[in-house]
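Asks: One-letter residues, chain by chain:
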Amino acid sequence: GAVVSQHPSRVICKSGTSVKIECRSLDFQATTMFWYRQFPKQSLMLMATSNEGSKATYEQGVEKDKFLINHASLTLSTLTVTSAHPEDSSFYICSATSQGITYEQYFGPGTRLTVT
Amino acid sequence: LAKTTQPISMDSYEGQEVNITCSHNNIATNDYITWYQQFPSQGPRFIIQGYKTKVTNEVASLFIPADRKSSTLSLPRVSLSDTAVYYCLVGPDKLIFGTGTRLQVFP
Chain A
118 GAVVSQHPSR VICKSGTSVK IECRSLDFQA TTMFWYRQFP KQSLMLMATS
168 NEGSKATYEQ GVEKDKFLIN HASLTLSTLT VTSAHPEDSS FYICSATSQG
218 ITYEQYFGPG TRLTVT
Chain B
627 LAKTTQPISM DSYEGQEVNI TCSHNNIATN DYITWYQQFP SQGPRFIIQG
677 YKTKVTNEVA SLFIPADRKS STLSLPRVSL SDTAVYYCLV GPDKLIFGTG
727 TRLQVFP
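Just so you know, the protein sequences line up as chains A and B, in that order. Heads up, my numbering is the position in the first sequence plus 117, with the first residue counted as 1. Heads up, my numbering is the position in the second sequence plus 626, with the first residue counted as 1.
Rather than coming from a laboratory, the hints here were simulated on the basis of the structure. Hints may contain errors.
Said to hold, decoys possible - Taking lysine-lysine and the BS3-like style, the derived pairs with C-alpha atoms no more than 27 angstroms apart in a straight line are:
hint : chain 1 : residue 1 : chain 2 : residue 2
1    : A       : Lys181    : A       : Lys131
2    : B       : Lys680    : A       : Lys181
3    : A       : Lys158    : A       : Lys183
4    : B       : Lys680    : B       : Lys629
5    : B       : Lys678    : B       : Lys695
6    : A       : Lys158    : B       : Lys629
To be verified - Covered by chain B, per the in silico footprint, the following chain A stretches (three or more residues, Cβ under 8 angstroms):
hint : segment
7    : 161–173
8    : 222–232
To be verified - Derived DEER-like restraints, expressed as beta-carbon distance ranges:
hint : chain 1 : residue 1 : chain 2 : residue 2 : range
9    : B       : Leu706    : A       : Asp182    : 44 to 52 angstroms
10   : B       : Ser667    : A       : Lys181    : 37 to 45 angstroms
11   : B       : Pro718    : A       : Pro226    : 33 to 41 angstroms
12   : A       : His202    : B       : Tyr639    : 38 to 46 angstroms
13   : A       : Ser200    : B       : Tyr639    : 48 to 56 angstroms
14   : B       : Ser667    : A       : Leu193    : 33 to 41 angstroms
15   : B       : Pro691    : A       : Cys130    : 46 to 54 angstroms
16   : A       : Gly170    : B       : Lys678    : 31 to 39 angstroms
Yeah, the Cβ is synthetic: ideal placement off N, Cα and C, and Gly gets one too.
Please build the complete structure, drawing on both the sequences and the hints.
Replies: What follows is the structure, given as structure tokens:
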């Protein structure tokens, strides 16, 4: 099946700094990528949808200036958490889709962000 | 976007068949139904997808009635390693995750 990778798998950063998370589709071209965050014992919450070459569409309540998303190619999307605060500590997961006959999303393994 | 409702949790024993039902009353004509499995600190893993009737693969079956307002994921002969959270989602692309069903399999 299609593989999506994320890097890094876990990161610790100091409050006020920025951190970038990469999401790559390894063996297919992703027309659309999605970013989710998940707090412990909770479900995934969709943050934004990005299409290659265009601006990301953010869900209500997600600050686009804080969570910068770039989808520069059909295999790479990045999420940058700017001026991170401890409350941004979470599990960030990306997914990618290449629409065809079915609409299957392939999820990355997730990135654990801890802001100290 | 279609909202889904699932039981919060289910318990089972090894070797039993587990059926998890999901309701999606306002499913749209172009929506597919997809089920994912998630283990702690991992991304969701695709289990099965269907549009109508019955779909079966090597790990599960998906039953969808004619009105498509619900679906049932069937896991045959579960093992301890099937302990996870199972999510039912509908949509053509953007997926909104509900609460999921936390399945606990006991020996």
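Asks: Next step is simple, just say for each hint if it's right about the structure.
Replies: Right, here's what the structure says about each hint:
no.	hint	verdict
1	A:Lys181 <-> A:Lys131	21 angstroms, holds
2	B:Lys680 <-> A:Lys181	41 angstroms, violated
3	A:Lys158 <-> A:Lys183	24 angstroms, holds
4	B:Lys680 <-> B:Lys629	21 angstroms, holds
5	B:Lys678 <-> B:Lys695	10 angstroms, holds
6	A:Lys158 <-> B:Lys629	20 angstroms, holds
7	161–173	holds (count 4)
8	222–232	holds (count 7)
9	B:Leu706 <-> A:Asp182: 44 to 52 angstroms	45 angstroms, holds
10	B:Ser667 <-> A:Lys181: 37 to 45 angstroms	27 angstroms, violated
11	B:Pro718 <-> A:Pro226: 33 to 41 angstroms	25 angstroms, violated
12	A:His202 <-> B:Tyr639: 38 to 46 angstroms	44 angstroms, holds
13	A:Ser200 <-> B:Tyr639: 48 to 56 angstroms	49 angstroms, holds
14	B:Ser667 <-> A:Leu193: 33 to 41 angstroms	23 angstroms, violated
15	B:Pro691 <-> A:Cys130: 46 to 54 angstroms	49 angstroms, holds
16	A:Gly170 <-> B:Lys678: 31 to 39 angstroms	35 angstroms, holds
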